[in-house]
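The hints should help you fit chain Z onto chain G, whose structure is shown.
Quick mapping for you: the protein sequence lines, in order, are chains G and Z.
Following the numbering used here, the numbering of the first sequence begins with 74 at its first residue and continues without gaps.
Following the numbering used here, the numbering of the second sequence begins with 269 at its first residue and continues without gaps.
One should not assume that every hint holds.
[As the list claims (entries may be wrong)] Straight-line Cα separation of at most 20 Å, PhoX-like style, residue types lysine-lysine; simulated pairs:
1) Z:Lys609 x G:Lys114
2) Z:Lys462 x Z:Lys445
3) G:Lys256 x Z:Lys609
[Unchecked claim] Sample of chain Z residues at the chain G side, in silico, Cβ under 10 Å:
4) Val297
5) Trp566
6) Ile638
7) Arg646
8) Phe648
None of these hints come from the bench; they were simulated from the model.
Just so it is clear, CB atoms sit at the ideal spot from N, CA and C, and this is done for glycine as well.
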Amino acid sequence: MLKLLKYALYDILKSRFALIYTVFLALVAISIYQVSDDLSKVSLSLMNIMIMIVPLISAVFATTHFYNNLEFIELMLAQPVKRSQVFLSQLFAVIIMLSLSILIGFGLPMMLWGADSSLITLLAVGIILSAVFTGFAFLASVMTRDKAKAIGISLGLWIYFSLVYDGFVLYFIYSFADYPLEKATLALVMLNPVDLGRILMLMQLDISALMGYTGAFFQKFFSSSMGLLIAGGTLMVWMLFPNFFALRVFRKRDF
Amino acid sequence: MGPYIRIFCFSLIGLLAAVEGHSAVIRLVPGQSIQSAVDKASPGDTLQITAGVYKQSGIVIRKSLTLIGEGYPVLDGNMEGNVLIIAAENLTIQGLKIINTGKSNMDDSAAIKFFDSKNCVIKDNILENTFFGLHFSNSSGMTITGNQIHANAIREFEVGNGIHLWKCKNSLISKNKVSGHRDGIYLEFVTKTKAEENYVEKNMRYGLHFMFSHDNSYIRNTFKNNGAGVAVMYTKNVLMKENRFEENWGSSAYGILLKDISDSEVIGNVFLKNTVGIYMEGSSRIQFTGNTFRENGWALKLMASCDQNTFRANNFTQNTFDMSSNGSVVLNTITENYWDKYEGYDLDKDMIGDVPYRPINLYSVIVEKIPAAVMLWRSFMVTLLDRMEKILPTMTPDQMIDQSPKMRPYDYG
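Chain G on its own, in the form it takes in the complex (with noise of 0.2 Å):
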């Protein structure tokens, strides 16, 4: 297992892709502290991009390494391993460069120029979608034949949850703005990881709002600590599904 996740680091590390990715973020997050007078503003700004790019490149990235180690993969295949760890080894040689490349390249602009604790969650937050969309991307990449179509079944998903996802909670709560509507938008937002993601930067950033709103179930579930377990819980729980259910897919696949 080891020595597959090895060689698979080896060969991504090779593409070059891992470098131009990293110097991509550490560029974004560079110009941003350069701008931004302070620690929050840079934070919001990364935030904004992170939300966005990070489940983007997971997704594509994910897909178009799959397929092109599909051959690899094949070879694997046939020898006396199992296929669990043919499997995991791509699947986290993909999450580790990801999240390498996140953590030196927003990392190393944070260790330069400071960071409070919300930036730790914007790096906490971007791993762990990285994971989820690698996971997704997976999942569609098992699911299909066709590497175009893997992909376009990636970008649709990031589609979905980053855009589409939102407008439609957005027209749910305008619908029904009648209703008492505090568990109904909480259990929504828990339908997504990009939200989760984004709800616990909100935490940090705009707690002062948060604590605005009039329900006591939301009162209680930002002020404590459960509402930061049961959204990094929850998340925790959308890293693990896809990536379980592209184990299983996989497992059963006929090559």
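Chain Z in isolation, oriented as in the chain G frame:
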């Protein structure tokens, strides 16, 4: 021998009377009754109360005395009624520690209660577990300074106000610390009074609460983490300068709530981390200058019932929403402020943006109508909507604009 003793006694009494005329100093030790010492003393005397516990309450003083505590003697009210009740002129109370008053709204039990008094000084006292702390009515020329007033009630109705003035004038309230009461400082029908450098935090309801209290000034006070912030009403000619309003969080908590305030000035204050920095309705002709609004949920909630107010040269930074309103009528002036969300340009380099700034964004209007929608704030969808609204205003009042937004923040430290 008899006559000699009698003469001696008379002369002694005469001597004592002479001394009393030059204001005597009477020392009290624990166990002695303060009330009887007060009754025996003549105006101008000083009562020196030495350290220890005095379990006495309902002490009535009607003379101009000076009560000075040595090493903070404890006056324990035994949870019954008021501890000191005063109706006097030129009286001083200093260095006492007063604890455990009664808890009753029937007589508004207080640690020290003043009626119809003039020119008294209440200085450096410590008040703990009192219902009302200092309670004044119909008095003038009071100097209330350096007192520490702390209650530890759990619910709002179990406690009165820290410093409570009713129908008073020409007073000074300075350098006091008030916490754990219902309202930190409560003024009703109080005029020409100054409140300076008080530190008011963690009170159940309001840090500062006044009504019908004209011509007062509030300078360099801190109001922090009070249940509902600060609320002031029905008053004109108020000066609020260099105060700090911090961390008032909650659905109806405000840095400051202005209701029917007019002809006033709010200058150089700091509003930090409040759910709402300033909420105002029915207020007119107030000048807001040089204030800093930072990390608030809403920096400003300006209701349409306000008119002729001017917001000039304030800093708005890192607020979730800069402003919201409940109508489209705009009768106020907003100009020359710094807004960190401003994205315009400055081609002529005069440090004033060339395109006007709209402080009300679409989503703050939506959140105002549907509070649950705050969950979607900062999502891509909402950002898109906001951008569109900026280009083509449909829901936000298009007159609410800052025509000359500053490019750089003012340096207010």
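Taking the hints in turn, this is what the structure says about them:
In summary, the hint linking lysine 609 of chain Z to lysine 114 of chain G is supported, as the alpha carbons are separated by about 10 Å, within the 20 Å threshold. About 15 Å separates the Cα atoms of lysine 462 of chain Z and lysine 445 of chain Z, which keeps this hinted pair within 20 Å; it holds. Distance restraint check for lysine 256 of chain G and lysine 609 of chain Z: the Cα-Cα separation of roughly 31 Å exceeds the 20 Å cut-off, and the hinted pair is therefore not satisfied. Residue-level restraint check for valine 297 of chain Z is violated (minimum Cβ-Cβ distance to chain G is 50 Å; threshold 10 Å).
With 10 Å as the threshold, the beta carbon of tryptophan 566 of chain Z comes within range of chain G, its nearest partner Cβ sitting at about 7 Å, so the hint holds. Using the Cβ-Cβ criterion of 10 Å, the hint placing isoleucine 638 of chain Z at the interface with chain G is satisfied: the shortest such distance is roughly 5 Å. For arginine 646 of chain Z, the interface hint holds, since its Cβ comes within 10 Å of a Cβ in chain G; the closest pair sits about 6 Å apart. For phenylalanine 648 of chain Z, the shortest C-beta to C-beta distance to chain G is roughly 5 Å, which falls under 10 Å, so the interface hint holds.
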